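Asks: Residues 1 to 693 in my numbering are what the sequence shown spells out, letter by letter.
Honestly, the hints are just simulated from the structure, not real lab data.
One should not assume that every hint holds.
Said to hold, decoys possible - Here are the simulated distance ranges between beta carbons:
| no. | residue 1 | residue 2 | range |
| --- | --- | --- | --- |
| 1 | Arg42 | Leu395 | 47 to 53 Å |
| 2 | Gln356 | Asp248 | 37 to 43 Å |
| 3 | Ala654 | Arg408 | 54 to 60 Å |
| 4 | Arg385 | Arg617 | 46 to 52 Å |
Source: prediction; values computed, not measured.
Beta carbons are placed, not taken as given, at the ideal position from N, Cα and C, and that holds for glycine.
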Amino acid sequence: MTDQAVDTGGSQLPGNEQRPAAAPAPTVSQFLGRTRELKELRADIERAGLDTLSGRKAPRARVLLIAGRPGSGRTALAEELVRQVADRYRDGVLRARLTEPDGTPVPTERTARELLAALEVATPPGAAEDDLTEALREALADRRMLLLLDDVAAAEQVDALLPGTPDCLVVAVSEGPLTGIADVRPCTLGGLDTKSALELLGRLTGAVRITVDPRAAEGLVEECAGQPLALVLAGSWLAARPQAAVADLAKQLRSEGDEGPPSARLFRLAYAGLPATAQRILRLLSLAPAGLVDPHTASALAGCSVSAARTTLDDFVALGLVRLLESPLPQYEVPGSLLPLLRALAESRERPAELQLARARMLERTVRLLQSCRAITETDSTEAREKLLGMPRTLRFPNPRAAADWLRVRQPALLAAARSAVADGELDTLARRLMSQLVRAMVAHFGTQASAPELYGIHRLVLDVAERRNLPREQAAALLNLADLDTRTGRTAEALARYRAALDAGREANDPYATGRAMESVGGAHQELGDYDRAADWYGRALAQRLARDERVDAARLYGRIATAHTYAGRYGEALRNWRSAVAGHRKNGDVAAQARALSELARVQEYAGRPEESLRTCQEAVEWARRADDVRLQAALQLRLADTLEHLGDPAAAKLHRGAAERMLGEELLESDSGAEQAPNACEIRSASSKD
């Protein structure tokens, strides 16, 4: 859990957010003390390791360990070390937190994916942990970088992420030793030295209050055991009470005895001084996903207005109870070392039903914000505009960019909220709504491809809920979505298994859409695997269902898919029959563009089958339908196919005319494009595209 920083001049990044790989280190530091520890850590970077002493080059990055209890300032020391040595690592700094605020270790798969994203390395959705960690090592192999791994729970977490090059350095922050990592350099923290502790108090309370009674200030430092978190809480408590003497606070702490560490006693003192409403808001912050809070989250948890929540959060910042994060939007973080205290208070002061109601309010508010976030992108939809105007003003975004910024900043908390809601198990309806709106908002703002890794995780959560609640329709939808993402990343065998499972779930739910979609997708997977007989069979099953339901558009498309499978298998007679059925279906449906494309494919198969004259006539007909559809690219592709066919038939002059027509079409399209933003492909590219299925 991230400690309360000694560095009072800046804010930390959100827990799961990675600073971009090339982000510069802060140029100004107000860090206090730890001179000896910093000197030793810097010396350890250069010190010869066991491999060097034996004459071998170190095979992996060196690991420096900063160990200390929560509240000891271990994260602040790590950040200061990074600031001092970052200029040695030309490719920048990566940061990751390896433990959730509730103490649960972060899956290595997620951490590796986040680090790769910070390096701008694309990762396939659903990739296994080993693949991701290997990709991370490959990405770091030719880089000189510094990795700060905070809140390490076990040595295995560091070992899995350790770069395989001595040019990188890993700084790990943990509560205890990392047994199992070779040649690790430990630095164990105690309290701050008295001078630094007094200076920290003086920054918070004003130097005069420290200098007028130095013995009392030293006594307070002793009561705080020099722990930075305790000192921050003490200094903030005094700053909020200008009339209170330093000696009074030290006396109060002594009167409480030794019940827990100093930070816990000071927290109880700060909590007791809050109004009842603020006390309730503070203890309910223990429910915030990933310990990340914004005014809407606090407002929903406590059932107060957004403005009141914002004011209260700022008051908590002044008291050292939460931190304001460096973010374009108001966002706060509860120090991890205070979260157990907040949870204990919440469980002792709130009934279980009240806590569950607070969670439900928070999820409901999040769902509505996501609805608003998506609706602002649907400016052409009257229904979306009306729905947006019907929302309270505090839930509306002024423009799509503001909504996208909110979604980007809050994404770690939103994903954590989804995971927490599913793990809770008692709010599945809200969890399902949250995940549905989160998927739609991410697709609307970032696109399916850019959001694929996150979407994969969300669909897996949806599947967990659907299986737990025995919801076959939603189970089928989640399996189809996951299988589609598997297909896009080349995991066809895994996709096939999921498509079959989706088919079973769709049949159980009596959902014709899911069953039809699954059957067609099973056929597509078999085709991708080269099993064209099974592909044609499954396409045929899907076609039979579409015909039975009189779904003519899908039926016409499926005739084309069956024909494609037969073409790959070399069964040109079956392929021709099905392409003719596809042409007839598109003609009945009035889809001119689809009819032109089907005729184009029919002509191609006729050529494969050794019928060049028929192919020529069909191709000429396809050109006419492509002209009616105003599809210039298809017209050009067909003109090139005509040229190839005419050359085979021994008419090079006519072939030259058609090739010239294709080039003119491409030239006109290029001139009509928006300032050349998209260049038309050359003739060879068009010919290649026209021969693809």
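Asks: Give a verdict on every hint.
Replies: Verification of the hints:
1. Arg42 x Leu395: 47 to 53 Å: holds (50 Å)
2. Gln356 x Asp248: 37 to 43 Å: holds (41 Å)
3. Ala654 x Arg408: 54 to 60 Å: About 57 Å separates the Cβ atoms of Ala654 and Arg408, which means 54 to 60 Å holds.
4. Arg385 x Arg617: 46 to 52 Å: The hinted range 46 to 52 Å holds for Arg385 and Arg617, with Cβ atoms some 51 Å apart.
No hint from the list above goes unmet by this structure.
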